Each structure stands twice: as structure tokens, then as C-alpha cells.
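Engineer: Residue numbers (the numbering used here), protein chains in the order written: chain A, 1 to 426; chain B, 1 to 426.
Simulated from the structure, these hints should not be mistaken for lab results. Note that the coordinates shown come from a computational prediction; the quantities given were computed from them, not determined experimentally.
Here are some, though not all, of the chain B residues that point toward chain A, as calculated from beta-carbon distances under 7 Å:
#1 K39
#2 L52
#3 N71
#4 F115
#5 I292
Beta carbons are placed, not taken as given, at the ideal position from N, Cα and C, and that holds for glycine.
Each chain, written out:
2 protein chains.
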Amino acid sequence: MATLQQLDQTQLQQLLTELTARYEQYRARGLKLDMSRGKPGAGQLDLTNDMLTCLRPEDGFRSEAGIDVRNYGLMDGIPEMKRIFSRLLGVPEENLIVAGNSSLNLMFDYICTAFAKGVCGRTPWSREEKLKFLCPAPGYDRHFAITEYFGFELITVPMTGTGPDMDRVEDLVRDPAVKGIWCVPMYSNPDGITYSDETVRRFAALKPAAPDFRIMWDNAYCVHHLTDTPDRLLNLFEEARARGNEDLVLEFASTSKISFPGAGVAVVAASAANIADIKSRMKVQTIGFDKINMLRHARYFKDADGVLAHMKKQAALLRPHFEIVLQTLERELGPLGIARWHKPNGGYFVSVNLLPGCAKETVRLCREAGVVLTGAGATFPYGRDPQDSNLRIAPTFPPLDELQTAIDLFCICAQIASVKKRLGTL
Amino acid sequence: MATLQQLDQTQLQQLLTELTARYEQYRARGLKLDMSRGKPGAGQLDLTNDMLTCLRPEDGFRSEAGIDVRNYGLMDGIPEMKRIFSRLLGVPEENLIVAGNSSLNLMFDYICTAFAKGVCGRTPWSREEKLKFLCPAPGYDRHFAITEYFGFELITVPMTGTGPDMDRVEDLVRDPAVKGIWCVPMYSNPDGITYSDETVRRFAALKPAAPDFRIMWDNAYCVHHLTDTPDRLLNLFEEARARGNEDLVLEFASTSKISFPGAGVAVVAASAANIADIKSRMKVQTIGFDKINMLRHARYFKDADGVLAHMKKQAALLRPHFEIVLQTLERELGPLGIARWHKPNGGYFVSVNLLPGCAKETVRLCREAGVVLTGAGATFPYGRDPQDSNLRIAPTFPPLDELQTAIDLFCICAQIASVKKRLGTL
Chain A
1 MATLQQLDQT QLQQLLTELT ARYEQYRARG LKLDMSRGKP GAGQLDLTND MLTCLRPEDG
61 FRSEAGIDVR NYGLMDGIPE MKRIFSRLLG VPEENLIVAG NSSLNLMFDY ICTAFAKGVC
121 GRTPWSREEK LKFLCPAPGY DRHFAITEYF GFELITVPMT GTGPDMDRVE DLVRDPAVKG
181 IWCVPMYSNP DGITYSDETV RRFAALKPAA PDFRIMWDNA YCVHHLTDTP DRLLNLFEEA
241 RARGNEDLVL EFASTSKISF PGAGVAVVAA SAANIADIKS RMKVQTIGFD KINMLRHARY
301 FKDADGVLAH MKKQAALLRP HFEIVLQTLE RELGPLGIAR WHKPNGGYFV SVNLLPGCAK
361 ETVRLCREAG VVLTGAGATF PYGRDPQDSN LRIAPTFPPL DELQTAIDLF CICAQIASVK
421 KRLGTL
Chain B
1 MATLQQLDQT QLQQLLTELT ARYEQYRARG LKLDMSRGKP GAGQLDLTND MLTCLRPEDG
61 FRSEAGIDVR NYGLMDGIPE MKRIFSRLLG VPEENLIVAG NSSLNLMFDY ICTAFAKGVC
121 GRTPWSREEK LKFLCPAPGY DRHFAITEYF GFELITVPMT GTGPDMDRVE DLVRDPAVKG
181 IWCVPMYSNP DGITYSDETV RRFAALKPAA PDFRIMWDNA YCVHHLTDTP DRLLNLFEEA
241 RARGNEDLVL EFASTSKISF PGAGVAVVAA SAANIADIKS RMKVQTIGFD KINMLRHARY
301 FKDADGVLAH MKKQAALLRP HFEIVLQTLE RELGPLGIAR WHKPNGGYFV SVNLLPGCAK
361 ETVRLCREAG VVLTGAGATF PYGRDPQDSN LRIAPTFPPL DELQTAIDLF CICAQIASVK
421 KRLGTL
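Sequences and hints are given; from them, build the entire structure.
Structural biologist: This is the structure we're talking about:
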């Protein structure tokens, strides 16, 4: 099969006619499919259904801390849940706060408080002339949205195969208006890339001009391996501490994609100074988080090994979803030379880079045939992909048959957009 | 029995000797009792234990909204929980957001966002020269702490038998620096007073100088009746709407003291404009709250009547606690004329006003004999009771025998402090 590059006008026109005919067949089916968000499928959720009835009065409701989890108290979480996260993240228990149902909410609250009250007693960000935040892109739209909400200028940092472009990061942090960076260091959203050891070490050694610069290390997919050859992420927390730089790091995680999205348990890991800073806000913000749900998780999983064993079951369910997407991309787009993507060893996404100028048209065509994708540009600050090239595919939620249909259609749409681009009619 | 006022120096000295002897007997017992916080007792929590196993896979996990509550989505809460709160609060479902586990957290987030981003697009409070917040006192220390955290000047408004002194409120809101007022309108914390119809109507008709003034209406004890002659609270939301003043009101409630503290469900009720404003923040802050816990509550209680029936069971458990406290106060302090208190029809507290200058000494004496009370002054802004008179007693948590011991000791301590005060030795 020839690449698109090798076809002449007539051949391109003929290909477009064929593709359009196939597209119209899909459109006639009145599909209603969704590949837009990284949601677990129902089968994954079923795996932990027993957690919902695992707390029984005969076992009592006391945490190891000796308190009744049904009542007020223990603002920073029960020790048995701290122990599990401590093992999973490689961070000492005393550096953890287990809090709430959403790591995103913990990140928002951190930025919001830094904006309103300052970081560790420093000047509130709201009082600074100019605020900037580094956004490795393609990246996670909800991260970018938080700093956009608070009026930061979002600075795009290109993603590479080993993480954000660290030359660029090291250069940008010389500006004291740059207050932090968003990172999904393992199985990054959307690329599925894990930061290299060198990248992590350069983060750990970072010397930003702003004393209140913070690395927002969203380790959302720390145990979300898909294959038997998982990636390995260096421990930023340890690396930063070894360099006396531990106040730089705020690490976040949750069980949203381990147990239940929205009904999981979230955690923040940080230095003693940062933990004290966060607690000084939390003790005003709440009397405490849902400890019953923490105990539910701790009793169900028992320990970190219980979580890891469970994640192997999830991986077995998820692998076919990723295989369908990757095999179809390989078969339909590969030979034409119109797209690049990374085959991830974990996480929730496949990130596809089309020919420049083809992303929006692909999304439009898909939508009009009943398949919803994450919006083109969503993976970039302000929702604007300067190349109009990157699309995020979320293969986890749709059942396999629907997923196959959706990704087939996606490939047809991407081909149509690419041909039109080559023909100069897009 | 003579009141303290009627005793001469010698009689007072003799009484002090007797009281001190009794006090030392208690102190020798090495008590460790706690009447400091409004926590439910274990018996109350046991009433809802079945809620923790009521979600069964065979019933499915779908909300009436058609969505799987185990997954992402539906940021503002499931309709069945909205319906329950709608009936309990008398506010239409479309004016509710069911969110998180803590109404205090919702209040903090509201103030925090208003500080950082402004109310409904207005100037962020952080950019104003001077900020003031009205604090009816005695009141709830955690309310005051939120506005203190954000640098507001806390203005004390005296509580009366019908709610805050409304003449004073109406006068103070002429100052545009005054941005709001904290209220616990039903079975107020700590007085147990329910605002009169006139007070509610005057709140509904308030015309503050600040366009972003907000009434923080914390209806924490809306269904927490203790007696068969419950108080009745006029619906502020309706009254305000009737006057075109609905944007003034933010009402909060939760099931923290209905089901489980920390593991309940919280709600905010507000006008369409305020709801839209809150959602514009929430959609950046989180993907959603714990809908599994919402469904757990909705399935367990079934409807608002289910909640009301449950609260009658709680009241039956709580009444003896309040009776012990009230009867002991009546017997030990009443005849001496050294204290005033309101007998509440609901809520979680008994608020005792001792002779001026006696509160701190009473707390100190209690603490040294092993009984922890809420700190003297805690019910006032900045923790400073200008009269050093008010103490909040929380009778719900201790078992009845411990409670009797604790309140007996409290009365002895209050008597000692009062006698010392009369003798001029305090």
C-alpha cells in the first residue's frame, strides 16, 4: 500500500470517493458512541462491587488508630489507608494526607489556597503582577483549566518521548512569575509516556527563581499497568529530598481508577513543610473526610499487594480495548503514513498525532456520524493545538464491539481529513 | 436555698470550702471525660449501620438519572438525593447541589472562591481594601474561623432570644465592607434558639450596601428535633424570593448528624444565579462527588419521610442526654442564680451563661479534674468572649453515666468560680 504522500491527485480523489462511501455507510447507522473521557468500563467497576458491602458491624468500625470511623476526627486519614498509599507511592506515611474522593479537587484546593493565601506563608499569588504556569502538552485539560481559572498565563512546554522538554523547563523557571508545572509522570495523559530517570532527576534538581514554585506531580496512573513489561518511574520525592529540594514537590494520586471514580480515596504526598501548610488550611476547611470509605478500601484491599493484584485483573480487562485501538490504527493509518502514536504500557489513553490541520476535521466527521471524541485541541493550553494535530482516544469505557466500530470510523474520518488536506480542500 | 447574691462573706467562704472538698473528690477519681464537641454517640451511629451494606449488586447501581453512580458524571448530585433535601429544606430541586461529605467544606469553598474570584463575576474580595463579616455570638467557632482565615474583620452581633439583633444587622450592612453573616437559624449553635418569623423576614428584606453580601444560612439542625413540640423555622429562601432578594441567600445542610459525620451527604441551596456561579467553580474543581454514597443514603432512607422517622429514633436516644444536663443545671445552678440557659427543642448543645468572668475558670477547673469542655470564648469571634461568661455544653457523645458525672463536676466548678468571683478572689 502506498503512503498518502505517494499518491497523485487522481488517486487521492478516487480514495476520497471510496472513503466517503464507507463513511456514509457508518453515518446511516445512526451510531451513538463515546470515546471522549477516560472512564472505566462497567466490567472494571464490577470487580470491586464486593467492597460496597465489605464493612460489617460484626467486624466493628474502628480504624487501627483506635477511633470509630463513623464519627468525626482524624482529619488527615486513617493509618491503614496511609500505609497502602505509602507503599504504592514510595513516600513515608508521615508525608501523606488521605483526603476526600478526588485528587483533582486536592490540586484545585492547593492552587486556590496558594492564590488566596500564599504558599507556606509567602505572598498570595493573587497579589503578584503576573502569574505563569508550565503546561507540558499534549497534557490533561483539567489541569490546565485549574490554572486558567485563576488567571495564570499557560505556557506550553513540548512533550518528548522522555517527558517534558527539560531544557525548556529549566529555562522557563528562571522567570519568577512561573509558579509551577503540571505533570502526569507515569503513563502520561494523553501520550502514555513515562518520564525517564534523567527527566525525573532534572525535576528533582530544579532551581526555580520563584521560591513558591511547585511541581504538581499527578501520579494518577502509578499502578495502572497494562502489560507484563510495565514502565518504571523514578521516585521524585526521594530524588528531590536527596537534593534538599523536597518542598518543590506535591504528589497526588487516588483510587478513582482503582476502585470507583468519584467514590474512591485521594491522597497528597509532600514534604513536612508542605504537609503542615496544607493542614493549616484543611483544619479550617473541614472537620474531616469520609473515613468510612477509607476503611472500606483498606478492609477490601488489605494492603498494597491487594491493590496490585486487583490492578492485574483490571489490566486483563483493559488490554483488549487497547489492542483493538492500536491494531486498527496500525492497520488503517500506519501504511498511509498519516499518523504517529505511542503504544502505552499503561494509563487510559492513546494519543494520536495526525497530519497538521487534520484534528478538528476528524473530530467533526466522527461527531456527525455519531462518535464523540475528546475535542481537538483539548490536550493543549486554552484548548488550542497550534498544529491542529493531536487527538486523545479513550478506549476504556465502550464495550469491545462498540469500540471496534468507533475506532474503525475514526480511522476513516482521519483518512478523509488527511486526503482532503493533501488535496488542498480542507 | 439562698442565691449567691444573698450570702455574706462568711457564708460564701464556708460554701467554697464545701465545694472545694467535693471538687477534690472528683479530681481524685482521675476522670477522662469529654463534653467539648457536638458528636453523635455510638448508639446514634448504630441506627444507620444497615446503610453501609444496603447497596447490593442485584439492585443495580443506577440512579434515577439513568447513570451508573459508580462512574464519573453528574457533578451536581443524583436526583433522588436532591428530592429528599428539597422536601427537608423546602427548596426546589433545581436550586440544589448535592456535593461532598461536608457542608462546612461547601461554606469554606464558597468564601474561598469569593475571595479569590469574586461572587457572580464581581470584584474578588481579596482585592477589596477592607473586609468584614457579621458573626452572631454566641455562635459556631468553625464559621468564624473560615472568615478569620481569609482576613475578615469579625464583627460580633449579639444573639437574642429570637435570633441575631436585627437592628444591629440592618445597621451594619450599610457598610459595603460587610460581605456577609453567619447564621445557624434553627436550634442555633450553641444557644439552641430558632430564629423568629420576624427575624427571618427581616433577613429576607435585607438591603446590604455590598452587592455581593451573602447570608450564610447553615441549616445544620433542620430536622434535629428533640421534643414533641419542635420549633418551626420560616423558609428564608421563599421569603427572600418573594421580595426579589433570593441572591442574598446561601443555605447549607448535610446528613452529618443524620447518618454519619464525615461520611454523610452535604447540600447547598441557592438562587439560579448563585447555583450557576458555584457550578462554574465546581466544574473546574472536581469531576464529581461521591454518588455511591448519595445512592446509599437515598436507598436507605427512601424519601424525606424516611429521614424524619429516623430522626425520631435519634431524638429518643438524645433526649435523656439533654435531660441529664438540663435537670442538673436546674438543680445545682438554678437556685443560686448564677447561670442562665435556654432549654432547646433540638440541636446539639446547651449554652450556659455564667456570671461574667467565670467561664475560663470553670473550664480550667473542669480540665484539671479530667473533664474537657469547649474552650471558654470559643463561641465568640477570635475566641474572645468579652464577658467571659458563655460556655457550650455538648451532651450527645458521652454515655449517660459519664455525662452525669461530667455535668455534676461542671456544676461544682461553675459554683466554685462564681463564689470566688463574689469573694473577689478570682
